[in-house]
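Asker: Once you've looked at the hints, dock chains B and C against the given chain A.
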Amino acid sequence: MTLLNAQEISVRYGSLAALDGVDLCVHDGQRHALIGPNGAGKTTLLNVIGGSTRPQRGTVRFDGRDVGRLGPGARARRGINRIHQRPAVFPTLTATENVVVAALPRVIARRRWWPGGRRRAAQHLAGPLLEQMGLTAVAAEPAGHLAHGQRRQLEIAMALAGRPRLLLLDEPASGLSAIEVGRLVELLQALPRAVAVLLVEHRLDLVYALSDTVTVLRDGQTLAAGTPDEIRTSPLVRQAYADGVA
Amino acid sequence: MSGEVIRRARGAVAALVLAGLVVAPWVVDDYTTALLARTLALALVGVSVALLTGVAGLPTLGQTAPYAAGAYACAVVGSRISDVGVVQLVVAAGAGALLAALTVPLVVHARGVIVLMITLAIGELVVTVLGRWRSVTGGTDGLAGIPAVRPFWGLPALASDQARYLYALVVVATLIGVVLVLLRTRAGLVLRAGRDDETRLRASGHRVALHLSGAHIAAGAIAGAAGSLLVVAQQYISPADFGFDTSALLLLGVVIGGTASVGGALVGAALVIAVRDWLFGVLPGYAPLVLGALFVATVYLLPTGVTRARGRLRPPAAPAHQPTAAEQATVPELRR
Amino acid sequence: MIAVAAGPNRIDPYLIPALDGVAYGLLVFVAASGLVFCFGVANILNLAHGLLYAIGGYTAAAVLDGGWASLALALAVGVLAAAAAGALLAGLLTPVATGNHLSQALLTFGVALAGGSLLVAGFGPDDPQVRVPAALEGSVMVAGHRYAAYRLVFIVVAAVLAVALYLVVRRTRAGMLVRAAVDDPEMVACLGVSPARIRAGVLAAAGALAGAAGVLGAPIIGPGTDTADTVLLLSLVVVVLGGLGSMAGTLLAALAIGEIQTLGVALLPSAAPFLLFAAMAAVLAVRARGLAGRWRTT
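Residue numbers (this note's numbering), protein chains in the order written: chain A, 1 to 246; chain B, 247 to 582; chain C, 583 to 880.
Excised from the complex, chain A in its bound form (with noise of 0.2 angstroms):
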């Protein structure tokens, strides 16, 4: 079933075109990758799927509902949860207050009313949450304190506590060690599958060890759609890539 549903998407800054009437859609469960040369727009369309930029044109369509007036804190509210390309933490926060704060606004608990039952509700999830990203050692540390890896991971794991329905992942990769992109490609194929995502991502490997969909952009348009397998033997591609490249 489609989750997700942009059509004909335009994003201008002054005489320059960021996106030129883009479609995409995102179905539930999918694991989607937007992939481009630099300029293609794949971040801008990822900004507009999340609410942090306005199009001139087109609609967003989430869950069957138009979400495109929403900003960025109504859209996670209905399950659009984003990770940032510079983990986005709360530095003073430990680990697992960062997860609770993430947790809170789509946290249901039976004793509401009661001082601290939200929080405790919030605190139940963090623990599993911490554990399944390896951060279980450092719950007690203030997120500012935590290596670049372990806050990606962090960041993560708060998004997966908003129970998003579809995350959106820019560069997770970015910045990250050899082994740690290695435990991030794991932890994100363990993702459930009650999850979709929709992933930025330069690097090729990570987009075909992660994705059963992707999408090419270039010069704010579409250029291709299909399954890695396509588009890894698409001369189209290919072109687009060398062009981009050189």
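Take every hint as true, because none was put in to throw you off.
Now the stretches of chain C that chain B is said to cover, found in silico as 3 or more residues with beta-carbon under 8 angstroms: (1) 692–699; (2) 815–822.
Here are some of the chain A residues that sit facing chain B, going by a computed Cβ distance under 8 angstroms: (3) PRO72; (4) GLY73; (5) THR92; (6) LEU93; (7) VAL100; (8) PRO105.
Honestly, the hints are just simulated from the structure, not real lab data.
Beta carbons are placed, not taken as given, at the ideal position from N, Cα and C, and that holds for glycine.
Answerer: Just chains B and C now, with coordinates in the frame of chain A:
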């Protein structure tokens, strides 16, 4: 391990201070007891300043506004309607909360120094209104002859300074307890997260403006309740009790105490107010001059009072912050 | 303490307060523009701004003897003294310049407290009398009403001052820098000018403006123990209402406050205490969320 030691030491100090406060009225004279009662009221306002400045990240110079609203509401109720302390407290807290709620739109979308400026204007305007609205506030002469309060229906009126002081102490201790409990719920956590990174908090789906409004109104209620204690302690109030210098002194006390810590705010505010009262006692003519010099000296000694607050929030944590955290720590009150 | 006594021979209940409002508003404008500079360019909330005005006011009271020469002397001394006080304040701020804005504001408050005490010690606790030049002591006819000559002249002088200020900010290089700095605080750092010098310059300029306002406005908001607080409050309200975006906004806000304090009080005496509050609430309600763009950038 050291965290455990610090926690125990802190608990011991708090217990000692509380014990000292309980026996204080039998050690000092009546005048000092009355001064102490007033200091307790101001320290409670200091806690509300710390809630806004340190926890919510809205530095304020205007908490005298709900403080004054609570005090005048309590004085009017006390002289005309009821001498029951609980009623007066609730009315005063309600008045403070109402004033804070009315000023929410002015404050909640601004950040940093701009909040200081707007809250200062609000506080000063309230004092101006108090000075001019003679029919209710008695103008610059203030309201005098407010009858002694009885804490609860059926209890005797508090006739001595000692009794009034102990009443103030019980109320302050209870309210501080409530604040500490509330800070342990999600409210405190979310406010601290917002002070760290507001945009991120919003992106997680939190309604930041709503949280800040709630904090502002709660702080107003606390300051209003403190106003009722001032009436009990002095049985007389005038606009001079709520001047701009009081706000600045409280903010200084809160900065000394480490902005985000409730205990620190109590101690810092009480200390600053005590120094002021003492100076005005021993150096009537030159007290403002010395006080001003002390202000400057204190600021020099505590150039990073706010940074210390962060360390204090999490004593066991290692002091070495990474660049992003350090950046955050230097200007946490400036979320722009 | 804020209300202005209307002219001596009040015949028409509206014209004279309205004129007073203009005089009052222009005075507040000149005083507040110094605060706007401090705040917009150096990002310092200067709680000693009222003190700088009071310095000008006390200078006027001490120097003015009814002659023109004394007015010129008072103006020169007042402006210089207030500018020097501003520069001194900038010097005091240097050790905490890298600290947070909270401690800076608190430091300026300490200076205001100590400075106010020194002024009272030097000039006595009573509000001093201010003698305007003899030629301006009488009243003139304005559209059939008598009006204090000094206030009329003040309106003209203050208007000239406001225009001059506008031209400086609009047309000169320094003014361009000021506008750029207000728009983008980061930019000042990129210019390579030392921040300490910028701070000293801005605070001295703010002092000069406040000092000039204090000398010229002494017959309107006279020197006294409450003066510093009053002027600081009015300036703050002007900044809150007018925002930092434009001088026109500051001027409009100042004139509005002047009229509220005079015409408003004459028209609605019973509501007088709440008028400033109501004005602030109304303006902020209309502009809902942002005063100037810089009010919120989140």
